[in-house]
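Enquirer: Work the whole structure out from these sequences, hints included.
Chains as they are written, first to last, in this note's numbering: chain A, 1 to 181; chain B, 1001 to 1230.
Be aware that a few hints might be false.
[Unchecked claim] Derived DMTMM-like pairs (lysine to aspartate or glutamate); straight-line CA-CA distance at most 25 Å:
no. : chain 1 : residue 1 : chain 2 : residue 2
1   : B       : Lys-1230  : B       : Glu-1195
2   : B       : Lys-1089  : A       : Asp-99
3   : B       : Lys-1089  : A       : Glu-88
[What the hints assert, rightly or not] Calculated Cβ distances over 12 Å to all of chain A for the following chain B residues:
no. : residue
4   : Tyr-1068
5   : Gly-1137
6   : Thr-1181
7   : Arg-1196
8   : Arg-1215
9   : Val-1224
10  : Val-1227
These are calculated hints, taken from the structure and not from any lab test.
We treat Cβ as the ideally placed atom computed from N, Cα and C, and that holds for glycine.
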Amino acid sequence: MTDNSTHFGLTDAFRLSLRYIRGRGQAPVNIASISLASAFYAYIALMRNGAEETLGIYRLWLLSVAVVVAAVSMATVMLISVYERYREIGVLKCLGALDRHVFLLLIMEALVQGLIGGGIGILLGVVSTLISNSLTPLIGVSYLGLSFTLLLSTLISIVSSLYPAYRAMKLSPVEALRYEI
Amino acid sequence: MRSEPLIEVVDLARYYDMAGTIIKALDGVDLEFYRGEYVSIVGPSGSGKTTLFNLIGGLDRPTRGKVYVDGVDLAELDAYELAWLRCRKIGYIFQNFNLIGVLTALENVALPTVFAGLPWEEGLKKAEELLRLVGLGDRLRHLPSELSAGQQQRVAIARAMVNDPDIILADEPTGNLDHETGRRIIGLLRRLNRERGVTIIAATHDVEMIRGSDRVVWLRDGRVEKVEAK
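Expert: The following block contains the structure:
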């Protein structure tokens, strides 16, 4: 391999993103908002096989509100998280990180939070469906619909992190290192 | 009988436009740094020390003039090559340490090896060796917040050394330390300079640091006031 630049692969991004998710306070907020939206989606997906087709549009409307709220909340929290890390992002660039490495790191953080949030969301969705069906076992569960929950949660997470990640990537290290919180 | 300079700075200038006023942070600086030297850059705040470091490290582009590192004109490098330079050739030490808060001492030191393309396990091994070298063998798993200021600066020094750079740029490395801790940090830098032959360029106000250096460059208002050989 010719060695004229620096490296930062998917595993490296994954490892560092886990440290950030574990070590910083924002991740639970993100995971909570993502999981609420996806719980709602999972609930709808599970109840779909019921009879109440007339509620379809109404539920869809509620769902999109939930998705938008989760996305806006996630974007805000990620942006704050980037601002708080200005210096550290500058340091990463000093140590050899390229713009796309920084971008990859933040998108990886979003992906992991989206998956965790989606997983919790499915659990919440199943539990609330069971409760509203007075604990009768779910028959004819749409597993496809459930797995779409994960897709939805990661999509919300990644799309709403695009702008924060872009901001982080474009940060000039000189500015970033001068930045005081 | 000096060889080619490791770093050559020619008529280097960097102006900033601050709301219409032109600030001349650096205004025509000529300097040469040789392999294995320990040079202190001294000057009041605002004299251009940090700007000079940013330009030598390829973090910023000059308004005028040239920086050559190992004979290579930095202006001709693209973003990829500059990142490589920062990663492999240059180590940074800052006044406020700038460690990554969520990583342990060991992981902080190993991080630059990731960018250098080393497998993580190997990087950790190398980091451990260096942390032992700077006297922190018993603090490997501590987070920066669990370390004293002097210990954090040691971690930062180990991090700066981990990719075996030719040059260490230290911006006021003892500025946030008490006198005694600062002296130990200077001793450590001096030792690394002698034992490993790494070129150290340190911006400082610290008399202790100036005393220990091979040459002292005095900056004032973005120009070289004098260069003093020790």
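Enquirer: Are the hints correct? Go through all of them and say.
Expert: Evaluation of the provided hints:
{"no.": "1", "hint": "Lys-1230/B / Glu-1195/B", "result": "holds, 20 Å"}
{"no.": "2", "hint": "Lys-1089/B / Asp-99/A", "result": "holds, 19 Å"}
{"no.": "3", "hint": "Lys-1089/B / Glu-88/A", "result": "holds, 20 Å"}
{"no.": "4", "hint": "Tyr-1068", "result": "holds, 18 Å"}
{"no.": "5", "hint": "Gly-1137", "result": "holds, 22 Å"}
{"no.": "6", "hint": "Thr-1181", "result": "holds, 22 Å"}
{"no.": "7", "hint": "Arg-1196", "result": "holds, 19 Å"}
{"no.": "8", "hint": "Arg-1215", "result": "holds, 25 Å"}
{"no.": "9", "hint": "Val-1224", "result": "holds, 22 Å"}
{"no.": "10", "hint": "Val-1227", "result": "holds, 26 Å"}
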